[in-house]
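Fit chain B to the known structure of chain A by using the hints.
Chains A and B are the protein sequences, given in the same order. Note that the first sequence covers residues 1 to 579 in our numbering. Note that the second sequence covers residues 1 to 679 in our numbering.
Because the hints were derived from the structure by calculation, they are not lab data. Accuracy of the hints is not assured; some may be wrong.
[Stated by the list, open to error] Computed cross-link-like contacts, DSSO-like style, restricted to lysine-lysine with a CA-CA straight-line distance of at most 30 Å:
1. Lys187(B) to Lys87(B)
2. Lys187(B) to Lys431(A)
3. Lys497(A) to Lys87(B)
4. Lys88(B) to Lys431(A)
5. Lys143(B) to Lys431(A)
6. Lys187(B) to Lys88(B)
[Unchecked claim] A short, non-exhaustive set of chain B residues, derived as facing chain A with CB atoms under 8 Å:
7. Arg101
8. Arg108
9. Glu112
10. Asp116
11. Pro120
12. Pro122
13. Glu210
14. Lys510
15. Val511
16. Gln569
17. Leu571
18. Phe572
All C-beta atoms in this analysis are idealised placements derived from N, C-alpha and C, irrespective of residue type, glycine included.
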Amino acid sequence: MTDALDPVTLALVQNRLDHISLQMGWVMTRTARSPIFSQSHDFSCFISDARGTLISQADGIPIHTGGGGFAVRAILRDFKDAIAPEDVFLLNDPYTAGGNHLPDWVIARPVFVAGKLVAFACNRAHQADIGGGAAGTYNSAATEIFHEGIRLPVLKLIEGGKTRADLWRLLLLNTRLPEALEGDLHAMIGSTRIGAERLVLLVEELGVERAGDFFEGVLAHADRRFQGCIDRLAEGVWCAEEAVDNDCFGPIDSRIAVALTVKDRRLIVDFAGTSPQIQGFKNSSVANSTSAVFMALASFFEPDLPKNEGAFRSVEIRLPEGTLVNARAPAPMTMNTVFVAHEIVHVMWKALGQALPERASAGWSKAVHSVTAGLRPDGGRYVMYQWAGAPAGGGVEGRDGFHLIGHLITLGGLTLPNLETYEQLYPARFKRQELRCDTAGPGRFRGGAGCDYEVEILTPADYAFRGEGVGAPSSFGSAGGRAGSSGEVILALADGKEIHAPKYGVVRHEPATYRALSPGGGGYGDPMTRDPTRVLRDVRDGIISAAAAERDYGVAIAANGRSIDMSRTTALRAPTSRS
Amino acid sequence: MSSPRLSSPWRIGVDVGGTFTDMVLRDSAGAVHIFKAPSVPADPSQGVLGVLRLAAQQLDLPLSALLRDCALFVHGSTVATNTILEKKGAKVGLLTTEGFRDSLEIRRGIRENQWDHRAPFPEVLVPRYLRQPVHGRIGADGKELAPLALEDVDAAARLFADEGVQSVAVCLFNSFLDGTHERSVGKRLAATPVGKWVSLSSEVMPTMGEYERGSTAVVNAYVAPTVTGYLRTLDEQLRQLGLPRSLLMLQSNGGAVPVDQIAERPVMLVLSGPAAGVGALKGCTDRPETANLISVEIGGTSCDVMVMAKGEVPVTDALVIDGYHLTTPSVEIHTVGAGGGTIAWVDAAGLLHVGPQGAGARPGPAAYGFGGEDPTVTDAQLVLGRLRPGPLAGGVTLDARLAREAIDTKLAKPLGLSVEEAAAGVVRLLEQNLLHAVERLSIERGHNPTAFTLVAAGGAGPMHGCVVANALGCQRALLPRRAGAYCAMGMLQSDVRQDYLKVFLADLDKVEPASLEQAFVELEARAGAFAIREREVDLRYEGQQWPVRVSFKGIDTAAARRTFEAEHQRLFGHIQPGGRIDITALRVVGRDPLDWTPPAARPGRSDKPKPRETRKVWLDPANGWRDVPIYAGADLTPGCVLDGPLLIEESTTTAFVGPHDRLEVDTRDDFLVHIGARS
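Just chain A, same shape as in the assembly:
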């Protein structure tokens, strides 16, 4: 079938599909109400074919990669022949409706041409509030999904062009921020309308019968691209694991484990050996775990790899039920898109790094930043995300890790705030946001440095801690590199008392100074092979100390602090002194 496709038309279709999903994203950004869409870009837009296979997701937060098909397939399963033109579906439940976690709602619009279902235009976006036990969707005290907000099976929100008013009222009744939810739902629905209009034009141009062949051609091309990636991996079984050391309430000894089998141009990703699901809200769903695996694969290879399900046809993912990566209801799971997604990406990168060491990525450290909430002097309520105390990235061949940067699961896509802007918005006075010396994981390409972030909170406030990066080092080194340092969060009270913050929990304090020491990223490659001029520059910059330069990198800095002591460096780096 597809071998007869005109290659020029196929290229035009591929670009057009990606452009349509991007267009849906621009409409979302432009029309959404809550800053989660417009500023944090916590959403994705995607297109599936009539069978629910994802054919384009050119736009979106990396942790949504390739997970959209589960939602569309749940619609097809539940509504079968009752899917009609001008219908719009809504869902969020990760257990029954192909959702990833409750705050991410999916809007899906079937696209018909000449009476035939040809595609779905969809988006998935994080809502500002969906009820549940805590404002803003993250309830770290949750022990069941019922504590996390409203659960939506596959619903027909718009039927034949008519919005179901009763359902709409139900949704608005179950949020603390009805205006934001309503505005964002309108933005999502409007965006899929634009997407559907453009898809109709495309399919009409191609012909209804032929369009499916071209969609299949797009998927087949992505499959060939990814097989080219697999060909670069060494055949074998590559195992990795990463600790999960708390369940949001106390210490535990759990892990994410993976065995990656590379054989006959196929990948089998098996999470057998992963610990059972936990009490707290870090459990993952099938859609989220699959997305995390896809994100790890896509980011390991080329950035321009097509983001459709064809790219992963040669990948089989096994998620044992009742574990951290595929929990049974009613385990809570709102945190999963960050943790344990971070750990899943890490174990995947560790396993892939063994199969293709020159592409290995060292680990990114985990966030320590808290959320501070309270009242402004004028009585208004504020919520301040301490994002500017971000963790750091890991090194790869050719590039050092990024100093403080947004979450791994966004690949750093979250833009950090200007502190001057924050001083205008919140009762806060900043003292510093500086790179920490000797926190970057040593490596030929070292990790990024963590930061020393300090701010006076001028009024009484609630501090909600989310400190996965506190305690043991949360990054890892690869190909001979080492992990970065660990992180810490300290609250200094007016009476001089210092409180070392827990990983999770909410506490209220009078005016206090909040300090986040964020952890460093992991290094890549043997630090003894790092270019000495780069080590000198790091010492001059205060990223590493002269002592660490000698100890970790075998580079001696001259007494003037401005040049390398070559003879001592040669001696330090000689094989005999390194045993």
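For chain B alone, coordinates are given in the frame of chain A:
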């Protein structure tokens, strides 16, 4: 060749590009002359003098006479841009408030392509050991929290001198609210060996946000010695050669300013060339104040898209140059990698791609014969009969055999297509890229492109204008006759303009009118020399990140709310009735409008022009190959109407009019195409 007679005085625009330096001269009778000379990247002023000498020679005038009767000399230059791209700027030291010296390197974590995490950040322009802290603090209300420690400045100045720092930037926390501390630092530095070049963030551009404001000051410090030196030297040379007034420089905001005003803030020149598109667009219409135009300016490897709605091209505060962030007022331009030199390739899994990489000036398209093996869009046009083989302007020759060979080897064979089919595919993919680029900017800004005329400029623009206009649903495409000298033309039509800004934080409904008025009066005083001073205000709903800029008459806050709501509805699709609106900044735009007469229309001809030849040309997928008449541009005069398909060969471009379109040469002597209007 007899020299044309010029009516004095005249105006001269000179645009220095990467390969060519373009010059346009328009005399007081409206006659336009275009000259092209090679650029001299090592010393751009040589390229400027070179094109002037060439013009003098061709006009049979002494150079001194050419300059003496020049009433207005506007210059656009990539010298600031190239200094950044080639990393040839000064060694810079940075002073910041203690605790915040790393903002420059943290760069808010912003990366262009989120997925491409293996690409490093661009090299930070000031290494950490040259970013030195100064104690002292301005609070969020603009009041001093801790006094400035001048001894820290002295210590840093000593370190900078030791390290050979050539230029110093200063960005203190909250200095957008009060620049007193920064000015004290500047004064202190002036007395030190590193005091020659000092850039204070509160003076370069006092915007809120320590990262972007600091980055702007640093880039300014980085380019200042080179750019200011170049401009002063060039200005002096031209004055000595006879130019009566200082030259004007085109800034990123699309307006021109005298050299001495730009010397302190050369960072304003980063978009100096492309920003001339604003002036050029004004020259494309009889009613620039109400025009709805979208321009695609297509050069060798990139395409700049600009939207003029109701006569206005938006000016934003966000500009990125080679990964460095600036908050200088800049014309909104969306750039994509699509041009004549864009490379077509087939990936390992057999899919055809066009761009974003380009072949550059060297080796350029395969047809140039400079050793390029990758097929480009120009090669495809040659295969399709749309470009004429043989010599081009600027000493390049197009070899059709080399073009065929490249397309055959790299595209046709791997795809299993004929050479002609592959070439047609390349052009279709490029035109899809152009379409997507325009759709992106119009969707993001809330415009419906069908209500606009598409202006297709740049050397490669008129080849694609009709197809892209048709795909967008536009009724008209305008193909400027002088498309290859579009920006130089624009320079002659750019107003003199300077932007002034003050961060001003208040609730629009509760702001005290007297304090608002006073702040505006202070800004207007700074713009005192301008004939027109326009008030603008940045507004946003409480809690939003991005403000919307609206014009402001007197101190009418109610009118400002209405304007804001209308703009917000268009841009974002909704408003918050009665919602709190915050003022974030006040602006005054100073403007001296250029009085300009449109170029003189050439007299029309009564006889129907005849094509110079007929050639086999590939038109589109539906019509395939046809015999197409080829016209010489000189034969087509105002009033002339012709049905497509046809090709027009002009000195700086080739225009393509599609099989369903109708060409009209308009009163300004440009090619206006009515899409789908063929009789």
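(request) Give me the numbers of the hints this structure contradicts, sorted from smallest to largest. (result) 3, 4, 9, 12, 14, 15, 16
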